[in-house]
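Q: Sequence:
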Amino acid sequence: MRERVTWIPSLNPLIFSAVLFLLIALLVFKPQAEKPIDGKFFKVSYIYDGDTIRLETGEKVRFIGIDAPEMHESEKLFRDARKSGQDIEVIKAMGRRAREFVVALFGDKKVRLEFDIEKRDKYGRLLAYLYLEDGTFVNKEIIASGFAYPLTIPPNVAHTDEFKALFKEARAKRLGLWSGQ
Numbered sequence: 028m029r030e031r032v033t034w035i036p037s038l039n040p041l042i043f044s045a046v047l048f049l050l051i052a053l054l055v056f057k058p059q060a061e062k063p064i065d066g067k068f069f070k071v072s073y074i075y076d077g078d079t080i081r082l083e084t085g086e087k088v089r090f091i092g093i094d095a096p097e098m099h100e101s102e103k104l105f106r107d108a109r110k111s112g113q114d115i116e117v118i119k120a121m122g123r124r125a126r127e128f129v130v131a132l133f134g135d136k137k138v139r140l141e142f143d144i145e146k147r148d149k150y151g152r153l154l155a156y157l158y159l160e161d162g163t164f165v166n167k168e169i170i171a172s173g174f175a176y177p178l179t180i181p182p183n184v185a186h187t188d189e190f191k192a193l194f195k196e197a198r199a200k201r202l203g204l205w206s207g208q
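FYI, the working numbering numbers position 149 of the sequence shown as 176, with every residue one higher than the one before it.
I should point out that these hints are in silico values taken from the structure, not numbers from a laboratory.
One or more hints might be untrue.
Said to hold, decoys possible - Here are the simulated DMTMM-like cross-link-like pairs (lysine to aspartate or glutamate), alpha carbons at most 25 Å apart as the crow flies:
(1) 87 <-> 102
(2) 191 <-> 135
(3) 191 <-> 76
(4) 191 <-> 168
(5) 87 <-> 114
(6) 200 <-> 188
(7) 110 <-> 94
(8) 191 <-> 141
(9) 119 <-> 107
(10) 149 <-> 196
(11) 87 <-> 141
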C-alpha cells in the first residue's frame, strides 16, 4: 500500500503577511456597486450641450435617440461638417442654440432617467431617456422643438419611429434650428 504524501509549501512570513493584508484590503475596500438610479430624481449640475448633461452625482448622461449639433471643435464636428456640407461655424452656432434650449428647458428642475437596453456607451456615459418632475419627456421635447436630429443606435430603439416623425414635423414647421434664424 502506497502512502499518500501531501505537499504544503512553507510560506515566508513576509509573503504570508503581504497576502493576508491584500485579502483584508480587498474585503474592506471592495468597489461599491453602482448606486440605483431608476425612479429617482436628480439635479443637473452641468449641461455640456444639447444632448449631454452631468448629474449632481457626477454621472455624465447622454440622451438616447437624439443628436444635437456640436458646439466645440472635435472630430465629430469635422465629420458632421463633411457629411452635411455645412460650415463648421454654422454648426457650432446651431450647437450653442441647442444647448441654450436645453438650459431653458431644465431650469432648476430635477430629472429622472429611464434606460433602454444598453445602459452605458463606449465612453462610460449613462444612456437615458430623461423626464422632468412635471412629466416632460426631455428627449422628445428637444427633437419636437427642432433642436436635434434623430440618432438611432441599436439596441436602444424604443422611441425611434416617434423621434423620426417629430424631427420631420419640426423641419416642416421650421422650428428651432430649422427656423432660419
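Q: Hint by hint, note whether the structure agrees.
A: Here is how each hint holds up against the structure:
With a C-alpha separation of about 20 Å, the suggested pairing of residue 87 with residue 102 holds against the 25 Å cut-off. The suggested pairing of residue 191 with residue 135 is violated, with an alpha-carbon distance near 29 Å, which exceeds 25 Å. A distance of roughly 21 Å separates the Cα atoms of residue 191 and residue 76; the hinted pair therefore holds under the 25 Å criterion. Of the pairs offered as hints, the one joining residue 191 and residue 168 holds, with about 13 Å between alpha carbons and a cut-off of 25 Å not exceeded.
For the suggested pair residue 87 and residue 114, the alpha carbons sit about 29 Å apart, so the restraint of at most 25 Å is broken. The hinted pair formed by residue 200 and residue 188 meets the criterion: a straight-line CA distance of about 18 Å does not exceed 25 Å. Annotation: proposed proximity of residue 110 to residue 94 holds, straight-line Cα distance about 14 Å (limit 25 Å). In summary, the hint linking residue 191 to residue 141 is supported, as the alpha carbons are separated by about 20 Å, within the 25 Å threshold.
With a CA separation close to 11 Å, the supplied pair residue 119 and residue 107 stays within the 25 Å bound. Distance hint between residue 149 and residue 196 is unfulfilled; the C-alpha atoms sit about 31 Å from each other, more than 25 Å. Between the alpha carbons of residue 87 and residue 141 the distance comes to roughly 14 Å, so the proposed pair stays at or under 25 Å and holds.
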